[in-house]
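Student: Now for the letters of each chain:
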Amino acid sequence: GENVEQHPSTLSVQEGDSAVIKCTYSDSASNYFPWYKQELGKRPQLIIDIRSNVGEKKDQRIAVTLNKTAKHFSLHITETQPEDSAVYFCAARDTSGTYKYIFGTGTRLKVLA
Amino acid sequence: NAGVTQTPKFQVLKTGQSMTLQCAQDMNHNSMYWYRQDPGMGLRLIYYSASEGTTDKGEVPNGYNVSRLNKREFSLRLESAAPSQTSVYFCASSERGRLAGAGEQYFGPGTRLTVT
Numbered sequence: 003g004e005n006v007e008q009h010p011s012t013l014s015v016q017e018g019d020s021a022v023i024k025c026t027y028s029d030s031a032s033n034y035f036p037w038y039k040q041e042l043g044k045r046p047q048l049i050i051d052i053r054s055n056v057g058e059k060k061d062q063r064i065a066v067t068l069n070k071t072a073k074h075f076s077l078h079i080t081e082t083q084p085e086d087s088a089v090y091f092c093a094a095r096d097t098s099g100t101y102k103y104i105f106g107t108g109t110r111l112k113v114l115a
Numbered sequence: 298n299a300g301v302t303q304t305p306k307f308q309v310l311k312t313g314q315s316m317t318l319q320c321a322q323d324m325n326h327n328s329m330y331w332y333r334q335d336p337g338m339g340l341r342l343i344y345y346s347a348s349e350g351t352t353d354k355g356e357v358p359n360g361y362n363v364s365r366l367n368k369r370e371f372s373l374r375l376e377s378a379a380p381s382q383t384s385v386y387f388c389a390s391s392e393r394g395r396l397a398g399a400g401e402q403y404f405g406p407g408t409r410l411t412v413t
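Sequences listed follow chains A and B, in order. My numbering runs 2 ahead of the 1-based position in the first sequence. My numbering runs 297 ahead of the 1-based position in the second sequence.
With the rest of the complex left out, here is chain A (with noise of 0.2 Å):
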């Protein structure tokens, strides 16, 4: 069936530097993909999507690119804040006309003071 690996699961990062969290899905009918923010105790919340017509989004300090040979995708977040702070979760969505979406395992993103 349709799966997302995501790596790594956990990431601490000094506060000012870069996180990278890179996600592998299987479907390559697959044409969207948000990344969520889930701090603890709340609901996940999107933060950036793409779609499969576009190479790479920015928004400030967070980015996405899609490689759709390779079916990865990745999230860039720059100048780390301890805000940062919380579970990241990627996803791919299925365009078999379920619409439903595959989530990554998480990343734990710790930025330190």
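Think of the hints as simulated: they come from the structure by calculation, not from any bench. Nothing here was measured: the structure is a model prediction, and the numbers come from that model. The beta carbon of each residue, even a glycine, is placed where N, CA and C say it ideally should be. One should not assume that every hint holds.
Unchecked claim - Think about it this way: if two alpha-carbon atoms lie no more than 20 Å apart in a straight line, the pair counts; the simulated EDC-like pairs of lysine to aspartate or glutamate are:
1) A:Lys44 x B:Glu401
2) A:Lys60 x B:Glu401
3) B:Lys354 x A:Glu4
4) A:Lys39 x A:Glu17
5) B:Lys368 x B:Asp353
6) B:Lys306 x A:Glu41
7) A:Lys60 x A:Asp19
Stated by the list, open to error - Going by beta-carbon spacing under 10 Å, a handful of chain A positions derived as facing chain B:
8) Gly18
9) Arg45
10) Asp51
11) Val89
Please build the complex by placing chain B on the supplied structure of chain A, with the hints as guidance.
Tutor: Frame of chain A; chain B shown alone:
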């Protein structure tokens, strides 16, 4: 505009009891979803409804049933709760199709369920 709402926020059940988790969205979305999230884990899809009148199993449907009551509401029922169903349950909704904005999935605040 409340987005996605869920009730209750917290619930404690004894093994074998039943309950229904309620979810409603006011964004006129076609698709709705139920996920469970175990401590330190990712989101696993229980059931989803691609559109009003349809429901389909996700990754972990055993022990659950769902009802898409209308376009706004999607409920999740545990007929006979088991300790393995202790989890946080999130409802979500999204728009279908290829319209601008389609695909963004919005989550409710979650229901923390403990089965003893």
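Student: It remains to establish, for every hint, whether it holds in the given structure.
Tutor: The hints, checked one at a time:
At roughly 18 Å between alpha-carbon atoms, Lys44 of chain A and Glu401 of chain B fall within 20 Å of each other, so this suggested pair holds. For the hint pairing Lys60 of chain A with Glu401 of chain B, the CA-to-CA distance comes to about 17 Å; that is within 20 Å, so the pair holds. A C-alpha spacing of about 14 Å is found between Lys354 of chain B and Glu4 of chain A, which places the hinted pair at or below 20 Å, so the restraint holds. The suggested pairing of Lys39 of chain A with Glu17 of chain A holds, with an alpha-carbon distance near 18 Å, which does not exceed 20 Å.
The straight-line distance between the Cα atoms of Lys368 of chain B and Asp353 of chain B is roughly 15 Å, inside the 20 Å bound, and the hint therefore holds. Distance hint between Lys306 of chain B and Glu41 of chain A is fulfilled; the C-alpha atoms sit about 17 Å from each other, no more than 20 Å. At roughly 17 Å between alpha-carbon atoms, Lys60 of chain A and Asp19 of chain A fall within 20 Å of each other, so this suggested pair holds. With a cut of 10 Å, the hint placing Gly18 of chain A at the interface with chain B is violated, because the nearest CB-to-CB distance is about 28 Å.
Residue-level restraint check for Arg45 of chain A holds (minimum Cβ-Cβ distance to chain B is 4 Å; threshold 10 Å). The interface hint given for Asp51 of chain A holds, since its Cβ lies 7 Å from the closest Cβ of chain B, which is under the 10 Å cut-off. Taking 10 Å as the C-beta contact cut-off toward chain B, the hint placing Val89 of chain A at the interface holds, the least distance being around 9 Å.
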